[in-house]
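As you go down the protein sequences, you meet chains W and Z in turn.
Sequential numbering from 1 applies to the first sequence in the numbering used here.
Sequential numbering from 1 applies to the second sequence in the numbering used here.
Honestly, the hints are just simulated from the structure, not real lab data.
Note that the structure is predicted; figures quoted are calculated from it, not measured.
Treat the hints with care, as some may be off.
Some chain W residues near chain Z, calculated using beta-carbon distances under 10 Å [as the list claims (entries may be wrong)]:
#1 P313
#2 T315
#3 E316
#4 N318
#5 V319
#6 L638
Stretch by stretch, here's where chain Z covers chain W in the computed footprint (C-beta under 8 Å, at least three residues) [as the list claims (entries may be wrong)]:
#7 106 to 116
#8 191 to 199
#9 555 to 568
#10 767 to 773
#11 784 to 798
Beta carbons are placed, not taken as given, at the ideal position from N, Cα and C, and that holds for glycine.
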Amino acid sequence: MLPAVVHFSLTQRLFVAVLALAVTGLGLRAWLQLPIDAFPDIAPTQVKIVLKAPGMTAEEIERRVTYPIETELLGIPRQAMLRSTTKYAIASITLDFVEGTDIYWARQQVGERLARVRDRLPATVEGGVAAMSTPLSEMFMFTLENPDLNLTEKRQLLDWEIRPVLRTVTGVADVNSLGGYVRSYQVTPDSNRLAQLGLGLEDLRRAITNNNRNVGAGRIVQGNDVLVVRTGGRLRNGRDLAALPVPAPDGAVYRLEDLTDIDIGHLARYGAVTRDGAETAQALVIALKDANTGAVVEGVKAKLAELERSLPPGTELNVFYDRARLIDTAIGTITSALVQAVLLVIGLLALFLGNLRAALVVSLSLPLAALATFLLMDLTGLTANLMSLGGLVIAIGMIVDASVVVVENAVTRLAEDAPLPRLHVIYRATREVATPVVSGTLIVLIVFSPLLTLTGLEGKLFAPVALTIVFAMLAALALALTLVPILASLLLTADAARVPRFVLRLQAGYTATLRRVLRRPWPLAAALTVLLVISAILAAIMGKTFMPVMDEGDIIVQLKKSPSISLEASVALDKQVEKALLAQVPELRQIVARTGSDELGLDPMGLNETDVFMELAPREAWSVPDKAAIEDAIRAALERFPGINTTFTQPIQMRVSEMLTGSSGDVAIKIFGDDLATLADLVERSAAVAREVEGAVDVKATVTEGGKFIAVRVRGEVAARHGLDTEALADRLRAQLEGLKVSEIMEGRRRTPVLFAAAADALGRPASPTALARQPVVLPDGSVAPLSAVASVSYEEGPLRIEREQGRRFGAITLNVSGRDVVGFVDDLRARLAAQAPLPPGYSVAFGGEFENQQRAMRNLLLVIPVALALILIILFTTFRSLVRAGLILGNVPFALMGGIMALFASGEYLSVPASVGLIALLGVAILNGVVMLSYFEQLRSAALDLEERILRGARQRLRPILMTATTAMFGLLPLVFASGPGTEIQRPLAIVVIGGLLTSTLTTLYLLPVFYQFAEGKRHD
Amino acid sequence: MRSALLLMLLVTGLARAQEVPLSALGDLALTYADASALDRVPGAPLRGVVRARGGEDYRVLLPRTAHRVTFVAVPGQRVAPGEPVVRLEGPEIHHWALEFEASTDRYALAETRYERNKPLYADGALPAERWAAIQDSYLETGLEYEHMRHFGELLLPEDDEDTLLVGAPIDGMLHFDSRAPAREERAVLFSVIPDNALRLQVEVPVDRAVDLRSLTIDGCQLAIDSLDRAADGFFVAAWSAPLAGDCRRIPGTVLSVRPSYGADALELPRAAVFQWQRAPHVFVRTGDRLQARPVTVLADTAGGYAVARDPEITAGPVLLSSVSAVQGILLGLGSD
């Protein structure tokens, strides 16, 4: 079949040329329209339920909301993980499905189950399945600045002018508004007046809700026409509200304003946003899952540019997070590396081939293979991102291998000047190497196949790498067997066979040294064996981690304050911190901090939690060398603010950690059990142990306890006499404390809530349990009593938040590991916890976080790599028909890995998933080089030469292709070693491993493999 | 001995746990305030009604059922003695003048008879039973006459003899129910509340009544004049001093009243108070340390909280800013 392909290509040159042009055109088009993102979509199929239960404590919500829903959801098939976080007034339940589950099916399943349990939930519970986004969907954030607008007006602009417009942008799932005040009509009932008239809150509520509506009443057929009848009473503004009639039991009718004070107020705040030490309002654009991030950001920017003209004068939309910036930087970095790699490889080809035409023929396969790869990426729905383009960079050095082999053989045959037509010579030359070229490519593909079996984050990250390499290699193979022979027939001359002088010198030197080694192999063998042992020791002691931290360009510091802190106090501390940071770290362009929960509840943080988002100034303006120094400066500034826990992270890193483990940090220790107090105690004790372990930094125990509550319990007999029950009392108290939403007024497209709320003056709302107990309450029978007369008021403590996983409560400790490897750290920690903080019966511990990912990735790789090696062995056996020769080639592998490990150690990098991927890539190139060398030894078997001469001649002949293969692979990756920018942190260890490994594997291929071959052949002859 | 030492160490340890040296506070903004003394604290609003305390108003009863009652003055109007208030019409009203005339005659007759028989009874010429009957008749007609005379004194000259024009008996504020004026005999036709009788009556929660010191309505502070000793449900009635000057309100007005209760208290800003070990605390600066001291919140005030007086709180200024961060230090936050 392969000869037929080559034959067809050479006889149908025009057709193949047109096909190549078409691929070029389509490839260019694909490149232009490929969805661009910084990272691959690493989110699992995840459905989130967000429910708000105003006024309810965490324990109550867990019992009445979270638990019933979880029980219902646990029956859904294909689920991988069920997690929940329950806090004051909010429950967030996350359901992860197994890979490959259709998101729409998953959402439908969750929606159905939720609907089934809905009737059993308290009536005040609002919310449902959250927007179809992923934790990485937060792609664009801005604050709204205008010195002439107050916080309520800013929030109104965001909610009613900007949000509706941005939601029309394709790919936008929702726009989360944060900070400011949500305007409301605040109705403060005059309890005395109500009591005098025998009216209660219910009467007012009924008057408002029953009248604030337009109702269809049916139709009247008038002659030939139908007229729709509707009763209209919908309130249009505050005046309508004030004039609303309220009938009293005595038959008199009062206006609402006669019985209440009506004012403009705001909804109870669960969060706030500050910017550079002043409060503001913020919008956060959330993209749909699978949306084209680049296009969405572009669309959002275009809409904002349109909107800005219609906003009040002086309004500035201050963008502080734009994923496009990260994408541009990341893609720019990787594209630059790609271009550099291509240029280096072309230069090397020209150098080694010593002939511009030959170099041109081989080089042409580079851009064409790249374009064909883009086309395949487009067809398979792969996005252009750091990982997929990184895969292409890795493949650059290998793409040319097939073409090099074909061209080299072609020029060799042309130089023989056989009396055959030129095309036939090319055909024969290509046909001769077609099988080894396909075998070589197949080996590379098999080598990378383990990456496709990775699961979890590593799978999501490295599957695009593997796929891109597969696409590129397949494209290169196709080109090598079709277009390259055509180009060779058109461009190559006999001169091309001339070996450059420096290669001749290299060959001479190599032959001389190889002869010596073949005669006295033991010193080399011993030296390499010692190095191998050393590298094995290094591999054992080397630090291991899951993934290098990617530099996203921005910094987030998470602050955790006293769990019972009020929003005002929390914001005041945030402002202090922001001002200090801006004063002490000039590299910060601006700081935007978000405290508490967002409007949609996608990230239900407590009032004590703040994400401080720091936008850095352009690098040119930095007075310190790198981002680490800025982080040190920030850390130093934050250390001057005691009493606040701080954790460093980055926008995407934070969300990825939360998405994968429900918590952020290198290591998450989860202690499972039932009793919250015991859990809290165990978590505290375990955190104390963890702090003592070397390398532990940012040790944070999840605060579950610390909720402070005022329990109001109805005094049954007294209350019953006045018709008061717990729910009625809760309504009355909510009206006085937080505000009780009773209706909405549609003013144009703005919906303004109508609240029963206490007066906003200093004494209107009770601010202490004492004042609460003395608060007068209008009872359902119209009488008034102090709260303490109808209910007991007591102070209680309880859980602040309740975390659950697979239906079990847990407490977590998160920490980062600094200065040592994560795996070694966890081993150490595990031992210490067992000794110093033993768990009582019924409690268990699990280690998660990045450590969990690292363990899983290693487990997967250790399972799949042997399988890949076995497949390669089969291919090698098929090629050489000898297990010994196949073994000889595989025997070269440890020496290749040796170089990779040593290079990694020397560079100070840890053994991580990308480094492991580098080792896998190394396998491919090392095996390929072995095949190149050994196959020629075998080809020369027919020549009447003694074994040493055969080896020497074969090795001399194969020096150039082996050096070309190795150097193109090495130089192709060299730009990644020196590149800086987002994503290069992942590619760098990979490149270091491959380059280091190729150095040793080339050495062993050139010297040790001939020795082994000589030894094996000698044994055979013996 | 050893256990005592252990206990002492424990107590010392606990005390230390509630202290934070100022040197450990880094760059936290630290502002302080002194607790100010309060002798009264505000309370939750009470329902107040402007009215005359029972018996202090002058009530005019309707002598006979009237068919038509036409007030010529309006409720709340200040009236002087003899100032026309109401015009009464109806058959019984028309007869009232005749009855008053007859009553005058009857009283004159009874008086003459009484005076004439008095010496006879003294001389023993008149039996005791007879004298008692004369006396009773005299008193009865006298009472009837006086009763009618008192009302008659309020009458003002009127052209139409079928109607009676009633005037105000005293200086004060006129009060009557204009929506349903009295028509039945013996009903209160109107009342005139003398200036010193118009007061604010509030319903005070039983447990707070004894501490009530003053009432405030729209900037008017009113002293408490009296407090009922019997409760009505959850409340006890309290009466303010008479409403005078700008504090005067129309009788019947229902108001939301801010009460003040007597207390030996200190006022602290809200920002100073935090919850710690199941009780509200403040940080008091003593020397180079901040000490967490418990406080007993008595009431919310406009400026913060009224807390029970405690020398430990006045031992130094209390921390106003960054309180939650210092609380975080006590909780062990930020120690990594």
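Now the hints, each set against the structure:
1. About 35 Å separates the beta-carbon of W:P313 from the nearest beta-carbon of chain Z, more than 10 Å, and the hint is not met.
2. Because the smallest distance between the Cβ of W:T315 and any Cβ of chain Z comes to about 31 Å, over 10 Å, the interface hint for this residue is violated.
3. The interface hint given for W:E316 is broken, as the beta carbon of that residue sits about 28 Å from the closest beta carbon of chain Z, more than 10 Å.
4. Below 10 Å, beta-carbon pairs count as interface contacts, and W:N318 has none with chain Z, the closest being about 26 Å; its hint is therefore violated.
5. A cut of 10 Å between beta carbons decides the hint on W:V319: the least distance to chain Z is about 30 Å, and the hint is violated.
6. Because the smallest distance between the Cβ of W:L638 and any Cβ of chain Z comes to about 9 Å, under 10 Å, the interface hint for this residue holds.
7. Counting residues of the segment 106 to 116 of chain W whose CB lies closer than 8 Å to any CB of chain Z gives 0, which falls below the minimum of 3, so the coverage claim is violated.
8. Note: the segment 191 to 199 of chain W has 5 residues with beta-carbon separation from chain Z under 8 Å; the three-residue rule is met and the coverage holds.
9. Restraint check on the segment 555 to 568 of chain W versus chain Z: 7 residues with Cβ-Cβ distances below 8 Å, three needed, restraint holds.
10. Interface restraint, the segment 767 to 773 of chain W with chain Z: holds (5 residues with C-beta to C-beta distance below 8 Å; minimum three).
11. A stretch counts as covered by a chain when three or more of its residues have a beta carbon under 8 Å from one of that chain; for the segment 784 to 798 of chain W and chain Z the count is 7, and the coverage holds.
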